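In order, the protein sequences belong to chains E and R. Heads up: the first sequence is residues 1 to 180, going by our numbering. Heads up: the second sequence is residues 1 to 141, going by our numbering.
Possibly wrong hints are sitting among the right ones.
[Claimed, not checked] DSSO-like mimics (lysine-lysine), calculated; alpha carbons at most 27 Å apart, straight line:
1) R:Lys44 with E:Lys173
2) E:Lys172 with R:Lys14
3) E:Lys75 with E:Lys53
[Said to hold, decoys possible] Some chain E residues close to chain R (C-beta under 7 Å, calculated; not the full set):
4) Arg54
5) Phe96
6) Asp99
7) Lys100
8) Arg101
9) Leu130
10) Ala134
11) Met144
12) Gly148
13) His151
14) Gln152
15) Val155
Note that these hints are calculated values from the structure, not bench results. It should be emphasised that the depicted structure is a prediction, and the values quoted were computed from it without experimental measurement. Idealized CB from N, CA, C, for every residue including glycine.
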Amino acid sequence: MIMFLSGGVRSGKSSTAEKWAVQSQKQGGRLLYVACGQRTDEEMDERIWHHQKRRTTSGHRWVTVEKSLDIGEIKVEKADTLLIDCVTTLLAGEYFREDKRADHAGERIVQDILTLAGKAHSVVIVSNELSFEAPASELTAHYMKSLGDIHQQLVQASDRAMLVEHGIPVVKKGVMECGE
Amino acid sequence: MHFVTGGAFNGKKKWVTAFYELERTPHQWHSFYDEKEVPALKEKMVVLEGIERYVRILLEQTESPADARALFQKSLTEWGQADAQVVLIGTDMMKGIVPMNAFDRQFRDAAGWCFQDAAKAADRVDTIWYGIAETLKEEKK
Chain E
1 MIMFLSGGVR SGKSSTAEKW AVQSQKQGGR LLYVACGQRT DEEMDERIWH
51 HQKRRTTSGH RWVTVEKSLD IGEIKVEKAD TLLIDCVTTL LAGEYFREDK
101 RADHAGERIV QDILTLAGKA HSVVIVSNEL SFEAPASELT AHYMKSLGDI
151 HQQLVQASDR AMLVEHGIPV VKKGVMECGE
Chain R
1 MHFVTGGAFN GKKKWVTAFY ELERTPHQWH SFYDEKEVPA LKEKMVVLEG
51 IERYVRILLE QTESPADARA LFQKSLTEWG QADAQVVLIG TDMMKGIVPM
101 NAFDRQFRDA AGWCFQDAAK AADRVDTIWY GIAETLKEEK K
């Protein structure tokens, strides 16, 4: 099962994604939190702390995996549920790494995620909405295109896709029960 | 007339191609990204891509958002009366920070107004989110 959700900054998408992951957790399976952000400064540490705190007080046991590149290499078991947070930080890592091509970053990410989804019980993927602004430069335009292409492919591969607006989930694909 | 919009890189073109089965339907595809001029409509099925770019072209000519809009409305009337299924594809770029540059602000205003006019003139309006359409308007023919 692949679930995709996207939203603006601080739209409540991470908590919704965590809820989804917990609900689809299989008995005996682990809850894996794949943290893709790179610790670059104190502000980033603060963000990470905020997310960690929510998970430790959630009453569920999360195993955190910090990986911002080649996430397809993460060792998963058949019963595991993964929460990948998030595609934009993954793209930042894959796009600007020096040992591999930037224009293949999107393909690598989609491939890695589908590999994990093929091995695990379910995968919940979080991403950020693309901006509606005219891109400021060629680089921004290419970066936006990469992110848009990834989103299109993930939505197509997903069983459920939703857009979270101000904490309210808008279902775009698949069916959800009320209160889920 | 059918107006298809949504953010950049959301799969609008792909959706239109699949929805109208364009791979096996004779059609005319005009992109305002490549051609500045409004084409003569030659087929029963016509797709006009890059409507926001067309608005930009009109704004460059008139240097006034209101005048650009008036010209755009004329085009809409022609397309609406044409003996063809006309599909307009336009990228929504109206949800960002106010641009620093005055022309960019005018462009955004003009595009916003023209998109409202396109939505009004169209009998069907869809917005595309990563390949999935949400129908905002659909009138019975």
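Status of each hint after checking the structure:
no. : hint                  : verdict
1   : R:Lys44 with E:Lys173 : violated, 32 Å
2   : E:Lys172 with R:Lys14 : holds, 18 Å
3   : E:Lys75 with E:Lys53  : holds, 24 Å
4   : Arg54                 : violated, 27 Å
5   : Phe96                 : violated, 19 Å
6   : Asp99                 : violated, 26 Å
7   : Lys100                : violated, 22 Å
8   : Arg101                : violated, 19 Å
9   : Leu130                : holds, 5 Å
10  : Ala134                : holds, 5 Å
11  : Met144                : holds, 6 Å
12  : Gly148                : holds, 3 Å
13  : His151                : holds, 4 Å
14  : Gln152                : holds, 5 Å
15  : Val155                : holds, 4 Å
When the structure is compared with the earlier hints, violations turn up for hints 1, 4, 5, 6, 7, 8 and for no others.
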